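Please model the entire structure based on the sequences and the hints provided.
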Amino acid sequence: MADLSYFHGVKLEESPDTPSVLRLKNNGVTFLNGHADAADPAAFPLNTPTLVTSLSQGVGLGKEGSLLRDLRTILEEGGSYVVVNRVEYSDTPATLMANLIGDPVERTGLYAFHRVKGLIGYQPRVIVTDGETGTWIADGVVSVSVTGGGSNLTEAPVVTASGGGAAAGKILPVLEAVMGTGAQAGTVVSVRVVSAGKGMTVAPAIAFTGGGAEVDKVLPTAIANLGDVGNAYVSALRSICHADGARARAYIHGPNTTNSDAVRFRKTINSDRILIIDPKGIKNVDDVPVIVPSAPVFAGVRSRVVASAEGVSGSVSNKMIRTLDGVARTINYPLDSNYLNENQVNTIINERGGLRTWGSRLAAENILWQFDSVRATADMINEGLEDLYFLYVDRKFTRGNLKMMIEDGNAALRVFTINEDILGGRVWLSDLNVPSLNAQGKVFLNVEFEPVGLMEQIHITTHRNIVYYQLLLDSVRGAIDNGPLSLAA
Numbered sequence: 000m001a002d003l004s005y006f007h008g009v010k011l012e013e014s015p016d017t018p019s020v021l022r023l024k025n026n027g028v029t030f031l032n033g034h035a036d037a038a039d040p041a042a043f044p045l046n047t048p049t050l051v052t053s054l055s056q057g058v059g060l061g062k063e064g065s066l067l068r069d070l071r072t073i074l075e076e077g078g079s080y081v082v083v084n085r086v087e088y089s090d091t092p093a094t095l096m097a098n099l100i101g102d103p104v105e106r107t108g109l110y111a112f113h114r115v116k117g118l119i120g121y122q123p124r125v126i127v128t129d130g131e132t133g134t135w136i137a138d139g140v141v142s143v144s145v146t147g148g149g150s151n152l153t154e155a156p157v158v159t160a161s162g163g164g165a166a167a168g169k170i171l172p173v174l175e176a177v178m179g180t181g182a183q184a185g186t187v188v189s190v191r192v193v194s195a196g197k198g199m200t201v202a203p204a205i206a207f208t209g210g211g212a213e214v215d216k217v218l219p220t221a222i223a224n225l226g227d228v229g230n231a232y233v234s235a236l237r238s239i240c241h242a243d244g245a246r247a248r249a250y251i252h253g254p255n256t257t258n259s260d261a262v263r264f265r266k267t268i269n270s271d272r273i274l275i276i277d278p279k280g281i282k283n284v285d286d287v288p289v290i291v292p293s294a295p296v297f298a299g300v301r302s303r304v305v306a307s308a309e310g311v312s313g314s315v316s317n318k319m320i321r322t323l324d325g326v327a328r329t330i331n332y333p334l335d336s337n338y339l340n341e342n343q344v345n346t347i348i349n350e351r352g353g354l355r356t357w358g359s360r361l362a363a364e365n366i367l368w369q370f371d372s373v374r375a376t377a378d379m380i381n382e383g384l385e386d387l388y389f390l391y392v393d394r395k396f397t398r399g400n401l402k403m404m405i406e407d408g409n410a411a412l413r414v415f416t417i418n419e420d421i422l423g424g425r426v427w428l429s430d431l432n433v434p435s436l437n438a439q440g441k442v443f444l445n446v447e448f449e450p451v452g453l454m455e456q457i458h459i460t461t462h463r464n465i466v467y468y469q470l471l472l473d474s475v476r477g478a479i480d481n482g483p484l485s486l487a488a
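Residues 0 to 488, numbered by numbering that gives the first Met the number 0, are exactly what the sequence shown covers, in order.
Hint data in this document are derived by calculation from the structure and do not stem from the laboratory.
In this text, all values refer to a predicted model and were calculated from it rather than measured experimentally.
Beta carbons: idealized from backbone N, C-alpha and C, even for Gly.
Do not take every clue at face value.
In silico lysine-lysine, DSS-like type, Cα no more than 25 Å apart, as pairs [stated by the list, open to error]: (1) Lys-402 / Lys-441; (2) Lys-441 / Lys-395; (3) Lys-282 / Lys-62; (4) Lys-395 / Lys-10; (5) Lys-169 / Lys-266; (6) Lys-24 / Lys-116.
Derived CB-CB ranges, DEER-like [stated by the list, open to error]: (7) His-458 / Met-319: 21 to 27 Å; (8) Gly-399 / Gly-8: 24 to 30 Å; (9) Ser-144 / Asn-445: 43 to 49 Å; (10) Ala-166 / Met-454: 55 to 61 Å.
Given below as structure tokens:
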């Protein structure tokens with residue numbers, strides 16, 4: 000639009016209505032959360048994400064703790080950009096776990112992930128943390144159903160559990176009564192599970208004692224419900240990875256015990272942004288086998304794939320492992336590996352000359368989103384389109400700008416198609432575009448695309464054909480009739 004006010008002469012202006020060009024960011028950045036008690040506090044302040052691009056830079060972490068070990072694994076597997084977050088170490092496991100998980104308000108521990116983009120300018124795509132991410136409570140009390148709230152209680156009664164079966168290692172739960180208020184005063188409205196216990200084969204009996212000195216008081220009744228309880232690492236990672244704009248996936252290791260335990264652990268998780276790896280790996284340290292986490296291995300391999308010709312749409316599976324000397328539990332291919340992979344547990348096999356990653360399935364209920372590379376590709380497309388259309392925000396609502404928006408989006412999708420990240424895609428104006436909404440400054444676009452999938456199963460059918468005997472006989476007869484033997488005769 001030209002300035003229509005008076006001007007005597009030639010006045011040139013560049014049009015603001017220019018195309019928006021697709022810009023892609025680094026999709027191979029890893030967020031590494033852990034502890035390093037001997038780290039240089041100036042180079043690696045507590046709970047402050049710090050970008051590391053080389054092992055020489057990581058020397059400041061010191062040899063104690065998990066960070067240098069895991070950083071070295073990621074970089075030696077082919078990673079290049081690692082955002083390190085150092086938490087305070089504690090000899091008390093519960094305190095260390097709390098420090099590693101962190102606080103969502105203060106954005107410490109794992110939640111420091113949300114500070115990375117603002118501090119460093121990169122958005123990590125894979126999250127790895129120290130800690131026993133593969134633990135869970137098996138056969139614990141997940142809830143208590145109050146069947147009778149009692150009456151005339153003047154104080155909260157004491158809740159106890161008894162029984163629960165005779166399994167070795169059984170631990171009974173710790174429970175707490177919650178009193179009602181208002182119309183429900185004098186009754187127990189719920190029972191809080193302070194500690195779930197574990198290893199119970201039958202539901203324990205719930206009993207109430209105390210409750211005050213009222214003569215006509217009636218004590219409550221309740222029933223315990225058993226089940227498996229996931230761990231706090233997983234719930235924190237779920238909330239972080241699924242946060243608006245995060246577009247990250249967490250790589251975690253499983254229980255490192257048995258195949259059935261790994262599958263059972265998987266059933267405590269439902270997220271298309273969490274990838275489980277089991278078992279852990281082994282490093283040979285001075286001729287001593289040392290068990291090490293396998294999640295940093297997969298994270299480093301993932302960065303290697305993203306930086307290769309395969310790109311973001313490439314799979315983390317079936318890649319040679321550079322940094323492990325063995326695995327903590329032998330996984331037989333294909334029997335063990337198929338059982339694990341089918342149940343969305345990824346593993347490590349020793350085939351075709353060495354250890355290799357095997358499986359790339361996320362712990363997703365929706366099988367359309369179970370492949371790690373498909374989820375990552377969709378994240379890349381979505382972020383690219385968001386960035387592309389950011390420059391259109393607050394532009395004039397004109398025919399030219401609308402047309403250019405569609406063209407720019409389709410041009411971006413053509414780039415992804417040529418790069419073999421997607422099979423195809425298109426952008427078009429949605430039917431939601433009606434004058435009453437357009438007049439409020441709202442524009443609606445529809446986008447469709449299909450990420451390039453994986454050939455996870457290659458099925459080969461072989462057949463016998465005895466006609467080849469006839470070909471053999473014919474060739475022999477031909478040699479006799481027309482070859483050297485016929486001349487000799």
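Status of the hints after comparison with the structure:
| no. | hint | result |
| --- | --- | --- |
| 1 | Lys-402 / Lys-441 | 15 Å, holds |
| 2 | Lys-441 / Lys-395 | 12 Å, holds |
| 3 | Lys-282 / Lys-62 | 16 Å, holds |
| 4 | Lys-395 / Lys-10 | 22 Å, holds |
| 5 | Lys-169 / Lys-266 | 21 Å, holds |
| 6 | Lys-24 / Lys-116 | 12 Å, holds |
| 7 | His-458 / Met-319: 21 to 27 Å | 25 Å, holds |
| 8 | Gly-399 / Gly-8: 24 to 30 Å | 27 Å, holds |
| 9 | Ser-144 / Asn-445: 43 to 49 Å | 46 Å, holds |
| 10 | Ala-166 / Met-454: 55 to 61 Å | 44 Å, violated |
In this structure, the one hint that does not hold is number 10.
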